[in-house]
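Colleague: If you read the protein sequences in the order shown, they are chains A and B. Position one of the first sequence corresponds to residue 1 (the working numbering), numbered consecutively onward. Position one of the second sequence corresponds to residue 1 (the working numbering), numbered consecutively onward.
Rather than coming from a laboratory, the hints here were simulated on the basis of the structure. We treat Cβ as the ideally placed atom computed from N, Cα and C, and that holds for glycine. Misleading hints may appear alongside valid ones.
What the hints assert, rightly or not - Among the chain B residues that face chain A by a calculated CB cut under 7 Å, a handful are:
1. N3
2. I5
3. Q9
4. E10
5. G46
6. F71
7. V74
8. I75
9. V86
10. T88
Stated by the list, open to error - Computed beta-carbon distance windows for the label pairs:
11. M182/A with N3/B: 35 to 45 Å
12. G60/B with L192/A: 28 to 38 Å
13. K368/A with L17/B: 27 to 37 Å
14. A55/A with L2/B: 27 to 37 Å
15. I23/B with K368/A: 40 to 50 Å
16. L17/B with L302/A: 17 to 27 Å
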Amino acid sequence: MQNILTICYLIASVTFILGLKMLSNPASARKGNLIAAAGMAIAILGTIFLYKDEAGDNLHNYGWIFGGIIIGAIAGTLAAKKVKMTAMPEMVSLFNGMGGACAALISLSEFHHLHNITNTDFENDFHIGAGVGATPPSAFVLQLLIITAGLVIGSVSFAGSVIAWGKLNGKIKDFAFKGQHMLNLVILALVLGLSAYFITEAPVRIPVDDATSIIPFVKQSATPVFFIIFGFALLYGVFFVLPIGGADMPVVISLLNSFTGVAAACGGFLYDNKVMLTGGILVGAAGTLLTILMCKAMNRSLKNVLIGSFGGGNVATGGGQKGGGGSYKEISINDAAVTMSYARKVMIVPGYGLAVAQAQHTCHELEKVLSEKGVEVLYAIHPVAGRMPGHMNVLLAEADVSYDKLLEMEQANEEFKTTDVVLVLGANDVVNPAAKSDPSSPIYGMPILEVEEAKMVIVNKRSMKPGYAGIENQLFFQPKTSMLFGDAKAVLQQLVSEVKTL
Amino acid sequence: MLNWIYEHQEYIYIVILMIFLGIEVIGRVPSVLHTPLMSGANAIHGVVIIGAIIVMGKAGSDDYLALILGFLAVILGTLNVVGGFVVTDRMLHMFKKKK
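Modelling step: build the complete structure from the supplied sequences, incorporating the hints.
Modeller: Here is the structure:
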């Protein structure tokens, strides 16, 4: 039976790797996800029915297990099916937090188990921790270390993800105060220090009568320390994410995602379970790289995001005074419709404003009516437009926009030279030329969509308010730029009906 | 220390190889797929559910604290797995090629 379970785990590990690999190609991504899901199902079912503990006993409490799985599966499916496309990032964050909480609970439960066993009948019970027979003390210390690591990482991931979720859906506001970074460092130091103290102090060895064997044992007085560590880890998760600005959340979620991966891997060590280990480490490594890739796309270092130089909002005025002033001109819906209808090539640059206004369908409609008039319509997608990398692609795909109309940044930048009209929909920082020209700008060096290369630029925004980075955008004051104020959806609807009448 | 490495070499190999594999696999992902990928990876670390099932299944039937902790862990772990895969599938569904 154990052999079959090993095969199940092996299959699952392979499907995870295959799944991630297939997820990296648009053509096979969906299949990859399903393959990983199938592998997960095999691993879960195998565990339930085939797992035997060290003493060779089957698992019990099937009622509780199935009850929990059914509740979780129904709630998870409903939440995942009902969530709006624009709220995907929050949802991912929340699910990630659940995984972190699960890891923390496992650690709590294992500690409770260990503590019970070692403190009730340590006199002649050798079933301590893992394994029949006396666990060697070094393995026991290692076990406590893993339990503590799982607790800390899982709790940070859980608390951080919940805060990230709250921030993305606007329930929690940015919150920063002087000395916050100091406080964070102090909390982190406390967590690490207490953990080190706990791991060295808690395990004691009690020599048995004949003094040849030693029984490892969790010292009663060290028990509260474990729960204090738990509390501080949760606190750290909260304070770690609180000061980081809303638009940096994708990076944070990705980082917390890899944390949860590592927390899952801790479970793999604890239960000598290879599928948890491979799955966890795989996600831990991939998540870390993904985090770095996201930072790179924004031309910011991870450190910068975490310390929050403009996430905190205090540098917002950095490039401000340079950009201020100048006059901009507005364009009427009618004029905008006419210009686009008679253009040869129109490039649409979607941004966060499009997502907020839920205007992806209307946008696709505009694309269709323009195409019927013989205009070539393409989309230029900045990798970090919206709230998560790839956010725009997901949104536009929801509206049935054909995949090959979406141009990535490098491609798009070549096309702008031959583009007649660029329509910027609620994007700001990703088209700000200051990123190329103004070394004092906080976004200097970030790769942008060079829309100013086109013959004409129409910018739809709700107002002249600066974007997320809090800096003025010189693009809006350029002579070839016209502003079209209003909610993206309302404006697009008007444009569609105007274009139809032409 | 050396002895410890010797005893746990199997794990050390797995960890190191998985780190490289994780990086290699993700390294070729186009930015358009970053969101679904993050979501998919999120579902995969839901493998932590297996630990929850083991904890739950080993809990003594009169140890209510352990039962409750395990039960919560199973629910949360399942949420992570099922929700994660369903959300990812929903996102990817939208990438379907249109004729």
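Colleague: Tell me, in ascending order, the numbers of any earlier hints that this structure violates.
Modeller: 1, 2, 3, 4, 13
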